[in-house]
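> Residue strings, one per chain:
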Amino acid sequence: MENKEPILKVSGLKQYFETSGRFTVRAVDGVDFVIYPGETYGLVGESGSGKSTIGRSLIRLYTPTAGRIEFNGMDISGAMNRTDMGRLRTEMQMIFQDPMACLNPRKKIGEIIAQGLDLHHLCRNRAERKAMVDDMLEQVGLAPEHADRYPHQFSGGQRQRVGIARALIMKPKLVIADECISALDVSIQAQVVNLMKDLQSRTGTTYMFIAHDLSMVKYISNRIGVMHLGHLVETGTTEEIFENPIHPYTQSLLSAIPRPNPQVEKTRIAQGYDYKAQGVDYSKGIQHHVGGQHYVLATPEEFSRWNKTRK
Amino acid sequence: MEQKNREKIMEIRDLSITFRTMVGPVHAIRGVNIDLYRGETLAIVGESGSGKSVTVKAAMGILAKNSVVDQGTIQYTYHHDDGTPKTVNILKLKKKELRRHINGKRIAMIFQDPMTSLDPTMPIGKQIIEGMLWHHRAGKDEAWKKAVHLLDEVGIPDAEQRMKNYPHQLSGGMRQRVVIAIALACDPDLLICDEPTTALDVTIQAKILELIQRIQKERGISVIFITHDLGVVAKVADYVDVMYAGKIVEKGTVEEIFYDPRHPYTWGLLSAMPDLDTADERLYTIPGSPPNLLHMVEGDAFAPRNQYALKIDRRAEPPMFQISDTHYAATWLLDERAPHVEMPPELRERIERMKMGGEPDGE
Ligand SMILES: Nc1ncnc2c1ncn2[C@@H]1O[C@H](COP(=O)(O)OP(=O)(O)OP(=O)(O)O)[C@@H](O)[C@H]1O
Ligand SMILES: Nc1ncnc2c1ncn2[C@@H]1O[C@H](COP(=O)(O)OP(=O)(O)OP(=O)(O)O)[C@@H](O)[C@H]1O
Ligand SMILES: [Mg+2]
Ligand SMILES: [Mg+2]
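If you're matching them up, the sequences are chains A and B in order.
Counting from 1 along the first sequence, just add 7 to a position and that's the residue number in this note's numbering.
Counting from 1 along the second sequence, just add 30 to a position and that's the residue number in this note's numbering.
In silico lysine-lysine, BS3-like type, Cα no more than 27 Å apart, as pairs:
#1 A/Lys115 to B/Lys87
#2 A/Lys114 to B/Lys87
#3 A/Lys273 to B/Lys247
#4 A/Lys283 to B/Lys194
#5 A/Lys283 to B/Lys237
#6 B/Lys95 to A/Lys114
#7 A/Lys283 to B/Lys176
It is worth saying that the hints were derived from the structure and are not from the lab.
One chain only, chain B, in its complex shape (with noise of 0.2 Å):
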């Protein structure tokens, strides 16, 4: 991937987050860095529950009323519509500001659970037209016919009809395209795509994933995509990052995560991903469960399920580890006085298979 010219859009630094909860501060997020450029397409991964979600609630101003923004800063840059740039702190802006001028129409986000993002009350039509008028993308009629074509293109038949439905009349992953199609509404410079696919069959996926591709080319739009499917970040991923307990652990180009993963985590997910060719009476999962929050991690977050897990692991947070321009890894084995160690032979094996360009299920 070239490294010139890359106009950098949004780039978070130290973030941390807390939640106050009734058992205890929940520390959800704890220093997270992320760079995001023009055009390009990051994916975050992760166990559920790592933070990837509040992570990207952060970047759009919208968190949960009991959280606390411990530190941090979230840069955004955009360009005004004569052109002259502008870079904002988004934790720092008024809730009003964020609604009149960033969100929905500079960054848009498809949310997780589309029901928590739709009025059950309104029809879906109306609910995407909402935005485009709010935001004076639009006049009436001119909504209208976007909310219909936007509807046809994320797959919906009848969508003259279907522009009345309410959202409890829509199957799961129709509404799903709804959330999609009010995203897309604004022509937004920056999507955020948190598992927007998961409850869409494999052909409407592909053509949901196929059209955010053409968008993002015509208009050279970045995306953050979310999601626990390996095979889409496959397809549309440039860079990955890999969370974990509420830290990105390792980060690189796509080829650099699934060909040459170096943390212990990441080697774990991409040993756990299903593939078509799976016999085994039982699927491999990563041993142990997350670290509970509520207590201040010490040391390595992932040593306790770990087996690669060194001494030092459980007193010292490792920093990250540079291994290219673009790879970086969160792990004490990078060190240079760390043993070698080599990923789980299983997990070779399958990669090397994966790059002579074969399955990975060995075909």
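Just chain A, same shape as in the assembly (with noise of 0.2 Å):
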């Protein structure tokens, strides 16, 4: 996979927000990565960590900081102009962590899936648009009848499906799944992640997988990006991360997953990582190379402390 060409370029991307007046949030604060063609990119990290952020930069709903994306050859992160764009709303789509928030309420659930079609006319006629629609409600396992129902008028899990069936009809090239199966039970999961899969062995899709179930980023990644506090603190294959976690924050994050069976789980402490008390400061810390594929952000005494202590 190394020797192709990277679709998604990533380098020094920032991106910062100004909220009330001083209070300046560093949601992403200097990260690279690339993805590779027919790939999944797992992203995962601590909450408000800034992968959501990465994703909403990527797709252009923010301009970022500072940084430079490149995506299939073109800069993405400067001005573009309406050819370039039009490309990106097609070519990437992103599937958003919270739905209600990115359904349009007066809308039916058909018009919302079909919305990005209609818009780029991908379409030939209604038939084909029907026939579009009814395929992909039933690929994410929902019925053509639901198609005529409000966003409101559905279950947490339903409501998610839609916004994965309105990215997916696209036949995007990079999706950004932001948390798009967090509220699906275990076996519409599989359902969604199968779906996915397929797809991907299929078309060559790329995905980009932000997402806190970490059995389920293990299942589906290729390679791995560990953020927190707006760093990628830690990458590297699938393997490299599970197997050899350096940094403590992924070390505690692995420790933390928790196991469906209640003997173990009701006693199970998990490992601690306190980054203030531990006088890490990212912002000093540089990428070292683990070997393979595997990168941990660290300054050079944290790096051979961590990689001297791990297990």
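Assembly of the complex is requested from the two constituent chains, each provided in isolation within its own frame, with the hints serving as guidance.
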């Protein structure tokens, strides 16, 4: 996979928000990563660490504060002309984390799913449009009758699947899936993940899979990036991250995965990580190469310490 | 779990709810019974769309406008400040009474979709304080302090500054934690959590679950916990109700459900549970799709997807069969005339490994 040209190249991406007066949130504070065509890149990390913000910067809901983003050979970090914007809007799709916040409450589900098709004139006629919508509804485990309902008339998981259908119907090259299966029961989760994998093997779709469910991330991802406080603290293949986590945040994250076993779970204690107490300062760290595709953000001193004390 | 001296705080009986839609009535809840006792945690798990949220919304008296309660009662018992108990049927209470005496104050709910319960035009601090002032739980300054403290407890850094943020300025998981803070602000005695931690990473999730458990210990509150994450269920639940197509199909203690499941749907659910060692090319899914609740369900709603279905399943709905004092399941397989059917061998093995105290992935 590494000898292919990346479909997405992100370097030095920063996304700051100024909220009340003096308070600036450094949501994303200088991240670099690449994603290769046909792979699934899992993005995990602390709540509030900037994962969704990265997604939103990529689809250009925000103009990046700094850094460069290249998608399919075009620069999408600066001002963009109409054709490039049009390409971006069809070839890259984001499945949003908060389905209710992005589904127009006054529109029926069928309309919502077909919106992208309509906007970019991708259907020849109404029959084709209906067939595509019905097919997509079925693939995400909903029924054609659901097309006539409004978003609030759905359960949480059904709404989430509308968001998935709306993105996948565009046959995008890159899908940013932000917590797209978190509201689904395990069986339907599996169905959606199988669907995404099938689509990938048929059409070579690339995924950036943002999720908190680490067993699913482990299952679906080729490579993983771990975020904490706006920084990518560790990246590597799925195996490298799960078998040999170096960064203390990654370690604490992996140790906190709840096990579906009452006996174990009622007594388990997760490993803590206190950024401030341990005196870590991410802005001082540089990316250290651990081996293979495995990198960790650390100062030279931290790197040798963490590398030694790991199990 | 000791059975004695349990004080029942909620009893739902025969609850049936229909929604009117353009294409006809949707029979979303079809005869639900739930019991909840003081100080205990009940987890409700089940298929997406099976009626978990609608059931607990009914318990809060906040059903959608197009809903019709066909039958049933929801008895809720609380104590006045002087300690005298009072039992009310939530379904019969007026909106005004609910808002004044029950909602937010005694029963608080953490909604599944944080954006639907937050006001986008109001800073989050104000939203946390609002309930405390409305229910006279605190004065203005005290409420502000308590709100900052709560934000801190749910793990939001720079709590003081964050008070002035609007919902859209927060991450998904932060919004979810604000909703949790709002629910906890009025010291409710029944906390309903509908997927409260889906947007949280596992470390913050653990923190929140421990916070809820601590409050539960300190104040003896009862918790209803809806979640798809069976790891979370394993951690927090005393009892588990499994829902399918508008009905509870199995209920028991958390150990009974995880180690001795009896309903084929529960078997499917536990089999589909991903674990850290899944190497299969495809994940297991329960075959078929849930019944269309636009039509009346005849027989056992799960029958078309159940490889163990009996002939009678197509005709008659199974009653709840008792397995132990606490364990019940609605499947004809438990009838004495039914052939002997075992759970799938893969699941049996997985459970054996779990009981050995090992990881479900066999480490
Ligand atoms: N529009 C905005 N205005 C101001 N601050 C914002 C905005 N969007 C995000 N932030 C801030 O940026 C930070 C990162 O948010 P982001 O939504 O990217 O987190 P996340 O990693 O997706 O978290 P979660 O897992 O909780 O969804 C947070 O501190 C959030 O408050
Ligand atoms: N206002 C409404 N109008 C019509 N149907 C509705 C309405 N609200 C809910 N429903 C339907 O009722 C059923 C139960 O919904 P509910 O939200 O309780 O599911 P759930 O078990 O919470 O699912 P999830 O796990 O996906 O959140 C679903 O099939 C849903 O589509
Ligand atoms: Mg997010
Ligand atoms: Mg729900």
